[in-house]
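Q: Place chain W with the ligand on chain L using the hints.
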Amino acid sequence: MNKELSRQERADALGGMGCKRKRVEDARFTQGKGNYVDDIKLPGMLFGDFVRSPYAHARIKSINTDAAMALDGVVAVLTAADLAPLGLHWMPTLAGDKQMVLADGKVLFQGQEVAYVVAKDRYIAADAVELVEVEYEELEVIIDPFASLKSDVVLREDLVAEDGSLPDGAHGPRKHHNHIFTWEVGDKETTEQVIGEAEVVAEDMFYYHRTHPCPLETCGCVASMDKVNGKLTLYGTFQAPHAIRTVVSLISGIEEHNIRVISPDIGGGFGNKVGAYPGYVCSVVASIVTGVPVKWVEDRMENLMTTAFARDYWMKGKIAATKEGKITGLWCHTTADHGGFDACADPTKFPAGFMNICTGSYDIPVAYLAVDGVYTNKAPGGVSYRCSFRVTEAVYFIERMIEVLAIELNMDPAELRRINFIKKEQFPYQSALGWEYDSGDYHTAWDKALEAVDYKGLRAEQAQRVEDFKAGKTRSLMGIGLTFFTEIVGAGPVKNCDILGLGMFDSCEIRIHPTGSAIARLGTISQGQGHATTFAQILATEIGLPADSITIEEGDTDTAPYGLGTYGSRSTPVAGAATAMAGRKIRAKAQMIAAYLLEVHDDDVEFDVDRFVVKGAPEKFKTMKEIAFAAYNQAIPGIEPGLEAVSYYDPPNMTYPFGAYVCVMDIDVDTGVTDIRRFYALDDCGTRINPMIIEGQIHGGLTEALAVALGQEIAYDDMGNVKTGTLMDFFLPTAWEVPNYETDHTVTPSPHHPIGAKGVGESPHVGGVPCFSNAVNDAFKAFGLRHTHMPHDHWRIWQTANKLGLHG
Amino acid sequence: MIPAAFEYHRPKDMAGVLAVLVEHGDEARVLAGGHSLIPMMKLRMADVPHLIDLQDVDGLSGITVDGGRIRIGAMTTQSDIIGHAALAEAAPIMREASLQIADPQVRYMGTVGGNVANGDPGNDMPGLMQCLDATFILVGPDGEREVQARDFYEAAYMTDREDDEVLVAVAFDAPSGGYAYEKQKRKIGDYATAAAAVLLVKDGDTCSSASIAMTNLSDTPVWSEAAGDALVGTSVDAAAIDAAVAAMLGDIDPTQDNRGPIEFKRHAAAMILRRAIARAWDRA
Ligand SMILES: Cc1cc2nc3c(=O)[nH]c(=O)nc-3n(C[C@H](O)[C@H](O)[C@H](O)COP(=O)(O)OP(=O)(O)OC[C@H]3O[C@@H](n4cnc5c(N)ncnc54)[C@H](O)[C@@H]3O)c2cc1C
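Chains as they are written, first to last, in my numbering: chain L, 1 to 808; chain W, 1001 to 1284.
The set of hints was computed from the structure by calculation and includes no laboratory data. In this text, all values refer to a predicted model and were calculated from it rather than measured experimentally. Incorrect hints may appear among the rest.
What the hints assert, rightly or not - Computed far set for chain L versus chain W, every beta-carbon distance over 12 angstroms: (1) G32; (2) D49; (3) R122; (4) L139; (5) D152; (6) D163; (7) S252; (8) Q591; (9) I636; (10) G638; (11) T687; (12) G696; (13) Y741; (14) A801.
What the hints assert, rightly or not - Pairwise CB distance ranges (calculated): (15) T515/L / R1044/W: 56 to 62 angstroms; (16) D1026/W / E130/L: 34 to 40 angstroms; (17) D39/L / Q1105/W: 49 to 55 angstroms.
Glycine included, every Cβ here is placed at the ideal spot set by N, Cα and C.
The shape of chain L in the complex, shown without the other chains:
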């Protein structure tokens, strides 16, 4: 007999919630044994490649494909004219707009898809692309959204009626032919009145520049139409495979049961792989036409230039406060540059995502937000790059606004935050812009963070540095970046969250095998987040089987239950909840089986880590393993054989992770070079499932935040040419640029989530961007700076210093 294990030992053996379980995915990833889209090779497979527009705005006068077709190995060249009879030359976007699949008469951004070449291999396809002759007539290019709203140039003729009037868009009336929507939340009148009468008002414009998620793996797919059985299999880099299946069905007319969408391993998504791209549609059409599989994989430049960008928000803000610093109202008007088509990935009722979380972590009695979406000659997109829908924009806005208010009040920004925080006892808290924050303890987190970094000491050191600088003893300034963020993640309740009409619930289906191991399938899809590790941990704790005995499977729509995929930190809040709930159904049945086996009433047994025990007699028990075997192999009166469960979880609310970050930065005033001396990140994501994965997510998110704040951008010249189309110019930090991160935490569980977890993958990005940016701004505060726009690369920092007269 084994010696009796203690309760704790039994719990430890499960590898359940709270332990630093090693990632089960890493064995294959670290050995180069992952299976990505480009690893999929099917017999007879053809390759697709795009002819793309060199111009940002042009009419297409003619397309001649003869020379390309004549090239040996070219199978087809598709243009809009070929897709039009199928009604597939345009496709719906996630934002209720439509987008050209292949240029239909004109192009609206550089790199837009004009023709799709299908050839025997990708080399021939690339040569054929060069041979397609396209005659363009250049049109006036509009890059600036403010200019766009005043311009006579009509970017989208398809959205203007014959009589010149403007039909409503997907989100209501349009004010100008280049205007997409106006979205308003909050109480405009009262807010403006409060601001008008306030003792102190701070006002500024914050530009959150256009950037790109830039996952290591670009977007791609393999479409395979089996004409014998009528089934289409579509492998692709999809963050939401079920949604893709439904959309493909709706636009192609193929019945959903005949479409199988598979997301294999995905090399990072960060929002870039949420939407549907012309490459997917063209590959599907090409496979239907040719009857053989067709692969399409973007190269890096195509990924940066054409698939979904992020941000590009001009946020004008006003904040009102008493002389003592108590905030009395917040006003924001945002001009959102959406590019040539509105392809934002937001829940339908939220055209600017959850930008209305922009009251932040503060108890602000009244607020108003308006967002105007605008067309320009830039690539479409507007995805949530490592954040929930537009939450990074909102947090950047409020955290810059607070800093500017602190300047206006001549008050310490840490103290200003503290006196305005929503108090612990105010939760659940109704925000002025309509959200119900589930839980929080901001003061505790803030105090812990400030103490950890010796905030007072840092300020003293900074004051000394300013003195020394003024005395000519140093040319380096010191910035202290503060941020306290509240996110809103886990979209979301079906009552107000859907994408293209698809409710944003998620799901988990569990099968326990007779010998006590299990497989669980979810509607989400990991892109590197480690779902196979963490979801097994949730289940291990819920059903008492070892995590190592539980396989987690995602991404195959033929086997996984329907779900809306992974983005916006929704996997743990929604699918994680479904997992726990499905686990509880398993446990409920297991309880009945245990009671039968132990010959007691159902209510007389209770769950104990990995078994059911007779209440008051713990020596009488049945382990979950024994119960699993009995479930299949023993006739139990009144109970069906088998041990399976499925749960579809419609969350009652979002979750609201929060955190307190501090960045200490030294800046070389002469070269604009920054040096991050210290970065402290305290995160509260509620219940912590796997602290090691949390830490990994925080490191990754902070690094992407550093990238965005300090240099990463998609920049255009006046002609609409993308200036940052390769990794030489598009900043992806390496180990060299990344500082040492100190992580810390508090734990405030979500009251409405079955296990109290809130989601963490995006917090560090959302909190990190303003923190880095605040550090740069703070460094120059003593010399009169109120605000300078990101990205804070060398030349822009130099320019800031120069404008302040710091170069003598």
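A: For chain W with the ligand alone, coordinates are given in the frame of chain L:
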């Protein structure tokens, strides 16, 4: 990012290389480490129907330090330079500069020959070679000839090298005195926003010789004779450094790009040069 089709040649000796070059003229190009040429081909900015890999050609790599003379074979990689003890001793600026080129992976492949023959104003070696007053040794159908690095660069990607010539080595006298290679870049693996190569010889308290070259601040490397002259005969005091910087600024002609506007680049160039002079003088 797929290059146009090309013919791949891999001759065993220089005669074989030259034969292909002569036969195909400007349709042919040699391939060294490929870390400038292959990206250009993938972007289809360079069309090379005949690619001649130098990898198997004997005698093109290796470093010799012979008396005061240093010779580096064209196919010597940047990584070889960093690891070569005798070179680091004789010309430590070579190691200091090489460590600031690209990243370790690129340096395993990138060669001295490719770096100096490429003619990209962003490359670090050309300015360094001008600072060292190096000699480039070229071989063509008519035999060998030498050209000074200071005379080699004509414009971006335009050099004194004929299409049918191959650069076989660079050679220079081991520098004496203090040295510094200072480079500002946006991130690891980036070309210079501004870079300065400085060699200073100190005689008592006076600077007896100075050589200064700047990188990525014009369409060619800039050896600023005037900047060097401004230091010679001085104690490299503030006024002399100001004069050297002013002279250098007169010789460069940066353009605006993603690294910043012209004013910034001029400012960065000045800062980088000041720092390089200070470090070189300190070491002199
Ligand atoms: C990410 C990245 C970052 C980089 N950063 C830097 C940097 O910071 N600083 C820097 O200096 N360089 C940088 N480089 C360039 C790198 O150092 C290259 O390796 C170098 O410029 C060219 O050397 P190569 O051996 O690769 O030449 P190749 O790419 O093979 O050739 C370059 C050109 O030179 C010609 N050529 C090569 N050898 C000879 C020869 N013997 N005779 C005649 N012609 C010849 C070729 O025909 C071609 O036109 C970077 C490259 C990359 C990819």
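Q: None of the hints should be skipped; say for each whether it holds.
A: Comparing the hints with the structure gives:
No beta-carbon of chain W comes within 12 angstroms of the beta-carbon of G32/L; the shortest separation is about 16 angstroms. Residue placement check: D49/L does not keep its beta carbon more than 12 angstroms from all beta carbons of chain W (closest about 8 angstroms). At roughly 6 angstroms, the least C-beta separation between R122/L and chain W is not larger than 12 angstroms, which violates its mark as non-interface. With a cut of 12 angstroms on Cβ distances, L139/L stays outside the contact zone with chain W, its closest approach being about 26 angstroms.
The beta carbon of D152/L sits about 30 angstroms from the closest Cβ of chain W, which is more than 12 angstroms, so the claim that it is off the interface holds. No Cβ of chain W approaches the Cβ of D163/L within 12 angstroms, the least distance being about 45 angstroms, so the stated non-interface status holds. Every C-beta of chain W lies more than 12 angstroms from that of S252/L, the closest at about 29 angstroms, which supports listing it as non-interface. Under the 12 angstroms C-beta cut-off, the non-interface status given to Q591/L relative to chain W holds; the minimum distance is some 58 angstroms.
Even its closest Cβ contact with chain W, about 62 angstroms, leaves I636/L beyond 12 angstroms, as expected for a residue assigned away from the interface. Residue-level check passed: G638/L sits 65 angstroms from the nearest beta carbon of chain W, beyond 12 angstroms. The Cβ of T687/L sits about 38 angstroms from the closest Cβ of chain W, beyond the 12 angstroms cut-off, so the non-interface label holds. At roughly 22 angstroms from the closest C-beta of chain W, the C-beta of G696/L stays outside 12 angstroms, upholding its exclusion from the interface.
Distance to chain W confirms Y741/L as a non-interface residue, since its nearest Cβ pair spans about 18 angstroms, more than 12 angstroms. With a cut of 12 angstroms on Cβ distances, A801/L falls inside the contact zone with chain W, its closest approach being about 10 angstroms. Distance hint check for T515/L and R1044/W: the Cβ-Cβ separation is about 58 angstroms, which falls inside the suggested range of 56 to 62 angstroms. Checking the proposed 34 to 40 angstroms range against D1026/W and E130/L shows it is violated: the Cβ atoms sit about 20 angstroms from each other.
The given range of 49 to 55 angstroms is broken by D39/L and Q1105/W, whose C-beta atoms sit roughly 23 angstroms from each other.
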